[in-house]
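Put chain W on the given structure of chain X with help from the hints.
Residue numbers (the numbering used here), protein chains in the order written: chain X, 1120 to 1255; chain W, 1080 to 1213.
Derived by calculation from the structure, the hints in this document are not laboratory data. We put the CB at the ideal spot given by N, CA and C, even for glycine. A couple of the hints might just be wrong.
[Claimed, not checked] Reference listing, derived: stretches of chain X covered by chain W, where coverage requires no fewer than 3 residues with Cβ under 8 Å from a Cβ of chain W:
hint, segment
1, 1129-1139
2, 1153-1162
3, 1166-1178
4, 1203-1209
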Amino acid sequence: MADSKARAARPLSPHLQIYRWSWTMTMSILHRVTGSALFFGTLLLAWWLIAAASGPKAYAQVEWFMGTIIGRLILFGYTWALIHHALGGIRHLIWDTLHGFGEQERMRLAQATLFGSVILTVLLWVVGYLLMGGTR
Amino acid sequence: MTAPHHSPPPHRTPLGIVRGLGSARSGTDHFWSQRLTAVANVPLVIAFVVIVISLLGRNHAAAVQIIGSPLVAIILLLFVASVTYHMRLGMQVIIEDYVHGELAKLALVLANTFFAVAVALGCGYAILKLSFGV
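Only chain X is shown next, with the shape it has when bound in the complex (with noise of 0.2 Å):
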């Protein structure tokens, strides 16, 4: 059994400050970063339903606060990070089968994660606005 002060003495493998940035890095960051927002994000989901089962009182309520700027910055993060998560997890079912290993296939993949889900996102944004028939 080794004592503790061998087993401080072990080296460490090199954490990220040791790499250099990369598109790839910044897309495996994101995806964890997406996943963990989305996941406290169900709460706002519960909100809403659970709102809509109660009755047009607390269902007014959650229709206030997503009509304030705070409230609707939230939903605007919240429709991105959806949407980069779903493309991040679409770019991960394509590796499990074997494709976009490549190192142009890798950097073509990590770049239509970002740019799709911004582009996604503004699209959605401008179809919901039309179709509440302008901001309010």
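The following block gives chain W in isolation, referenced to the frame of chain X:
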């Protein structure tokens, strides 16, 4: 040693079974369930986004009618089930990666499951209540 009478799950390798299913004692089950729910989430998230957009600008009565209609309610229930299971698996990996104290890890893994189940049940109950209008 006698051979087990049941056949092993197809997604477990013979080596994994021989070695006692790894340190988590569950073989590749976590990985497989994670991918299973990930694949399910793709169409369910698209359907969820469409449902939310269709509800924009509608009042409570209209929203209740739409959420409570059978097809929408079933899709939302599938969405909630798949998403909450998927997020529980994902958060467990994050906890196992960053929390190294055994007690803290155990507490957080438990809290993670409680949270996921509470959200799933809360959402599911609300959807069913809207459906049956009790």
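(message) Quick check: do three or more residues in the segment 1153-1162 of chain X have a beta carbon closer than 8 Å to a beta carbon of chain W?
(response) holds (count 6)
(request) Can you take a look at whether the segment 1129-1139 of chain X is actually covered by chain W? Rule is 3+ residues, C-beta closer than 8 Å. (result) violated (count 0)
(request) Please count how many residues of the segment 1166-1178 of chain X have a CB within 8 Å of a CB from chain W and say whether that reaches 3. (result) holds (count 7)
(request) Go check the segment 1203-1209 of chain X versus chain W for me, would you? Three or more residues, Cβ under 8 Å, otherwise it fails. (result) With 3 residues closer than 8 Å to chain W, the segment 1203-1209 of chain X meets the three-residue bar; holds.
Violated hints amount to a single one, hint 1; each of the other numbered hints is respected by the structure.
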